[in-house]
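Chemist: In order, the protein sequences belong to chains L and S.
Counting in this note's numbering, the first sequence runs from 1190 upward without gaps.
Counting in this note's numbering, the second sequence runs from 3 upward without gaps.
Keep in mind that a hint or two might mislead.
Selected chain S positions facing chain L (in silico; Cβ < 7 Å) [said to hold, decoys possible]: (1) N56; (2) Y85; (3) R88; (4) F94; (5) P114; (6) N118; (7) D173; (8) K189; (9) L190.
Hint data in this document are derived by calculation from the structure and do not stem from the laboratory.
Please read these numbers as outputs of a predicted model, since none were measured by experiment.
The beta-carbon is built from N, C-alpha and C at its ideal position, and this holds for glycine as well.
Take a look at the letters that make up each chain.
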Amino acid sequence: MISIPAGIAANQKTTQTLTNNLSDAIAQTQQSLNRTIAQTEESINQTLTQIDCSLTPSAPQGFGFSPDIGNFSGQIGQFGGSPPADFNFTPGQFGRGSTPGEFGAGAFGGGGSNPMNQTYYADIADVAGVTAVAPVLQASEGHNVTVDNPFGGRTFARMIADYVIEGIPLTSNLVDNYPILPTNITSGRNLQAGDVGKVLLSENNSALFGAAVGSTVSILGEDFEVVGIHGSSGVSDRLILYMNLSDAQALTNNTGYVTTLHVYVNDATEVTNVASAVSVLHPELDVTTAQERLEQLQNLQSTYQTQLENAQSTYESQVQNAQATMNQTNMQAFQEIGVAVVATSLIVLFVMLYTVRERTKEIGTLKAIGFSNRSVMSQFMLEGVLLSLLAGVVAIVIGSVAAPLLSSVLLPSVSPVANLFGVRAVTATTPTAAASLSPELMVTTFGVAVLLGAVGSLYPAWRAAKTRPAEAMRYE
Amino acid sequence: MNSEAVLKIENVTKTYSLGKRSVPALSNLNLQVKKGEFVAIMGPSGSGKTTLLNVIGCIDKPTSGKVLLDNVDVAELAEGELYKIRRNKIGFVFQSFNLLPYLNARENVELPMENNSKSKAERSIKAKELLATVGLSGREEHRPQRLSQGEQQRVAIARALANDPAIILADEPTGNLDIKNKHEIVKLLANLNLNNGTTIIVVTHDSQVAAHTERMLFLTDGKIIREKEGLHLAKKNICPYCKGKLQPTDENCPNCGKTVRFKKKVPPAKDKHDETLAMSQTKHCDKEV
């Protein structure tokens, strides 16, 4: 009998853990996503008057957002009672221009933007409304890996970016008035106008090169002084190290060439006009306004939100179903327990009544030799309670063996699964074998046993006390 | 002899109602038992023997009349008080011994002492003493099933003596025993009376047992219709017939010349011998009164 509450307790606990874990996971994902999007949005808002121009006919997205398995390291893992595994959610790379993704560098990487001749495009600066043009050179440096073609056939080489060099024109006008440099400096200082041979590393770079602020780092054979370190943010500059444009051009043999032109417009309302003017002037350029980037971001955000909500509701409905089944089973189990309690009381009652009847003569004798009603009654109550206690001990011994077996048979097993971004994010199986007898349950069992014994023997004990002493005279 | 009356029954009537009819079990019964007396109550079935015993033993209440036990009218007492009287003033000996089978001899004897002020050790010592009195030393730890019926009854007698009661009430104490054991129990009761001065009332319809008491009461239809002196008086050096004084060596009463003691020709080795002897004594008594 006590194995049933043991199983119920275990399964309820498991379901609770599952639900909690899921809520935590979803909440964390949501938080992380919101944070990233907010940061990106902020950075885009800062550059509302910015138009990016690049020669990237094959990459229409202004930012490499790769909703790929790798980015979402949210495999929460099998539950089974353990807390959720750490949940690193970094949904893709929101970046300015053609930012190399951590993965799929070939698609969005530095090689994606073709170098463009700086002088050829100098006329953009003359377009009405343009206040400044910041030519930027991005070059991705990495290593090649051989990847098996997942669809069979030949393997192919793929470049994994280790770091990205971004050359920025460090003129005082651009540095002072336009958001061309990262803003979140964690140590050291930012780049300044006129810095040559200086580099601003990301935290990733710093770890990669083993360099700290003030030290000298060798990049593609040239020595640079590390002036500062910028933190990773929603803007995917985790891999980017910043240096003077001239340094970058010299380093990558791209003198006179850049990959992106950041065009700054005097007023946000002029952005569309300027963008179309630039497109007319240089139809081969891919022109992206901040507004477009924002829209793209918002689209992505809503896509993500929907996915997240779907996953959540799927999971929740699964958990709810399981819980409903479990509640139903628990209900049944409690009904069974109720029946068992009543039956036990009745059994105690009848057994004790029978005992009292059988021992009428003995009770009569006790009364004849001077036992009071009270002592006779308490003696029989005690007997009933002791018998029930003994039964409680037996129940605990049997229960501790039978509980795990029984609960796996009696109670449903819950295995909710939810998909997040195509990843089987949350899987959980109810560990039914965990059904065991807690000390509280044992104490309760004893308590219930005593109670049942007392209740069941109350009437028989009263009957015993009322036995007439003359019964002792009966000759059988 | 101490003439103080330990039990005084005055005009006791007991009526059982069976449906609409009422059946009288005792009608206007009067009886006095002195301290140290050994009394037998005899009579046919349905004569009210057991009712009388129950009334004396405080397990039944009379319809009317007084039952004075040590000058306390127990007919007036409520159950809350009566069990104390039963415990302290009465010692019951039953026909079927009524020992608790799961307790050994000593524990059975200790049972009535359970609620008194004695410590456990004292109770144990007292129980052992009592068992020695009834001739069962060395058998203290034996359970009833390992004792013969006679031994069981002796344990029951020891139990009845546990709280030094005013009266021992024995209901057919020899009814379940064979002849040998019967004589031993009668002898034991007689010796207790003689040596310890215990007041004993025996209900029996065995005339042999009754003959060994001091006084025999014959009960019919709830009334004492006859009283007789028993042979036990001779042991107290009183002639059962004329109440004259006897010398311990006298076989015949010096006053009335009647035979009061039988010279034992051969030690009574056989049950049959005992039986004939007892029977001749009873006959003798009947004839004379």
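Chemist: With a cut-off of 7 Å on the beta carbons, see whether S:D173 makes it to chain L.
Modeler: This hint holds: S:D173 lies near chain L, its Cβ roughly 6 Å from the closest one there, short of 7 Å.
Chemist: Would the stated hint for S:K189 survive a check requiring a Cβ distance to chain L of less than 7 Å?
Modeler: For S:K189, the interface hint is violated, since the closest Cβ of chain L sits about 24 Å away, which is over 7 Å.
Chemist: Is the interface hint for S:R88 satisfied, with its Cβ closer than 7 Å to some Cβ of chain L?
Modeler: With Cβ-Cβ at 4 Å, under 7 Å, it holds.
Chemist: Hint validation: S:L190 versus chain L, beta carbon distance must be below 7 Å. Holds or violated?
Modeler: violated, 19 Å
Chemist: Against chain L, with CB atoms and a cut of 7 Å, does the hint on S:N118 hold up?
Modeler: This hint is violated: S:N118 lies away from chain L, its Cβ roughly 9 Å from the closest one there, beyond 7 Å.
Chemist: Verify the interface restraint on S:F94: the C-beta must sit less than 7 Å from at least one C-beta of chain L.
Modeler: The hint holds - S:F94 has a Cβ within 7 Å of chain L, the shortest such distance being about 5 Å.
Chemist: Are S:Y85 and chain L close enough, Cβ to Cβ, to be under 7 Å, as the hint says?
Modeler: holds, 5 Å
Chemist: Checking hints one by one. Is S:P114 an interface residue toward chain L, by the C-beta closer than 7 Å rule?
Modeler: holds, 5 Å
Chemist: Against chain L, with CB atoms and a cut of 7 Å, does the hint on S:N56 hold up?
Modeler: This interface hint holds because 6 Å falls under the 7 Å limit.
Checked against the numbered hints above, the structure breaks hints 6, 8, 9 and satisfies the rest.
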